[in-house]
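Engineer: Listed below, chain by chain, are the residues.
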Amino acid sequence: MRNTYLQILQLVTGILIAILLGIHMVLMHLDAILGFFGIDVGEPASWESMIDRAGQGIWAGLYIALLAFIIYHAFNGLRNIILELTPSARTEHIVTWTIIVFGIIVFIWGTYVPIALLVS
Amino acid sequence: MKQTQPRQNYLGVGGWVWAGKYKLERYLYILHRVTGLGILFFMLIHLCMATVFRIQGQDIWEATMVLLHNPWFKIGEYLVCAAFVYHALNGLRLILQELGFTLGRPTPPIYPYKDSLRKKRPWTIAMAVVIVILALIFFYDFIAGGW
Numbered sequence: 001m002r003n004t005y006l007q008i009l010q011l012v013t014g015i016l017i018a019i020l021l022g023i024h025m026v027l028m029h030l031d032a033i034l035g036f037f038g039i040d041v042g043e044p045a046s047w048e049s050m051i052d053r054a055g056q057g058i059w060a061g062l063y064i065a066l067l068a069f070i071i072y073h074a075f076n077g078l079r080n081i082i083l084e085l086t087p088s089a090r091t092e093h094i095v096t097w098t099i100i101v102f103g104i105i106v107f108i109w110g111t112y113v114p115i116a117l118l119v120s
Numbered sequence: 121m122k123q124t125q126p127r128q129n130y131l132g133v134g135g136w137v138w139a140g141k142y143k144l145e146r147y148l149y150i151l152h153r154v155t156g157l158g159i160l161f162f163m164l165i166h167l168c169m170a171t172v173f174r175i176q177g178q179d180i181w182e183a184t185m186v187l188l189h190n191p192w193f194k195i196g197e198y199l200v201c202a203a204f205v206y207h208a209l210n211g212l213r214l215i216l217q218e219l220g221f222t223l224g225r226p227t228p229p230i231y232p233y234k235d236s237l238r239k240k241r242p243w244t245i246a247m248a249v250v251i252v253i254l255a256l257i258f259f260y261d262f263i264a265g266g267w
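Taken in sequence, the protein lines are chains C and G.
Residues in the first sequence are numbered from 1 upward in steps of one, following my numbering.
Residues in the second sequence are numbered from 121 upward in steps of one, following my numbering.
Treat the hints as calculated values from the structure; they're not laboratory data.
Here the structure is a predicted model, which means the values were calculated and not measured.
Cβ coordinates follow ideal geometry from the N, Cα and C atoms, glycine included.
Hints may contain errors.
Selected chain G positions facing chain C (in silico; Cβ < 7 angstroms) [said to hold, decoys possible]:
no. : residue
1   : GLY158
2   : TRP181
3   : MET185
4   : CYS201
5   : ALA208
6   : ALA255
7   : PHE258
Chain G side only, calculated, beta carbon under 10 angstroms to chain C, not exhaustive [as the list claims (entries may be wrong)]:
no. : residue
8   : TYR142
9   : GLU145
10  : GLN178
11  : PHE221
12  : PRO228
13  : ILE263
Given the sequences, and given the hints that come with them, work out the whole structure.
Structural biologist: Okay, here's the thing in structure tokens:
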């Protein structure tokens with residue numbers, strides 16, 4: 001039953017990531033095509049553009065939300081793949097907790113810099 | 121009493137890739153898995169880049185950007201874009217199927233059987249066409265951006 005709820009969360013985060021990461025990908029990689037439609041994003045990977053976005057709360061919030069969704073989706077997906085090898089209950093327990101701890105570390109590590117840049 | 125031995129048919133990881141005649145959707149599923157792991161791997165590298173080098177200020181960031189404009193990195197970046205497009209759209213199809221859409225009505229099994237996998241095949245083809253178009257759009261922009 002618990003795995004059913006995890007799987008439903010996997011679907012919901014999948015849709016949210018498709019939207020948020022879609023925005024990120026289009027902004028970062030489709031600058032020439034956006035320019036064709038009259039939207040000038042400049043050079044999105046330059047320092048000025050990056051610092052400008054990092055100083056706006058909405059972008060920092062979107063990126064932190066995206067990070068949370070991606071970490072859940074990616075690590076739950078990795079767990080699903082590992083558990084398909086039908087490990088013993090003890091191994092499953094170890095895998096689950098390793099992934100939870102690693103996910104939390106990655107989330108803290110990934111949110112530290114956006115928050116530091118937003119506050120400064 | 122004669123004890124029946126279970127058939128030794130456990131294929132392990134090899135069975136994910138090949139266990140007889142898999143249909144198109146099954147290979148798409150394997151590719152879904154591979155692209156997912158690839159994006160997970162890229163995500164960890166991307167986080168390193170976006171934290172360790174960004175917090176050290178403008179000079180380090182710009183030096184990193186010069187390094188990342190290497191054509192090999194650009195090819196890798198394009199592969200990540202294509203993997204994202206594939207994973208997103210194939211994932212959308214998987215979600216629709218998991219919730220029971222695009223499968224068609226159940227029908228009585230009268231010969232010749234038409235299973236739901238073949239009934240939903242047009243959706244798979246449509247998805248593949250959209251993926252190819254989006255991948256080409258990204259490719260155009262990578263070329264236009266001068267690699």
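Engineer: For every hint, state whether the structure bears it out.
Structural biologist: Do the hints match the structure? See the list:
| no. | hint | result |
| --- | --- | --- |
| 1 | GLY158 | 11 angstroms, violated |
| 2 | TRP181 | 5 angstroms, holds |
| 3 | MET185 | 6 angstroms, holds |
| 4 | CYS201 | 6 angstroms, holds |
| 5 | ALA208 | 4 angstroms, holds |
| 6 | ALA255 | 12 angstroms, violated |
| 7 | PHE258 | 6 angstroms, holds |
| 8 | TYR142 | 16 angstroms, violated |
| 9 | GLU145 | 17 angstroms, violated |
| 10 | GLN178 | 5 angstroms, holds |
| 11 | PHE221 | 12 angstroms, violated |
| 12 | PRO228 | 30 angstroms, violated |
| 13 | ILE263 | 9 angstroms, holds |
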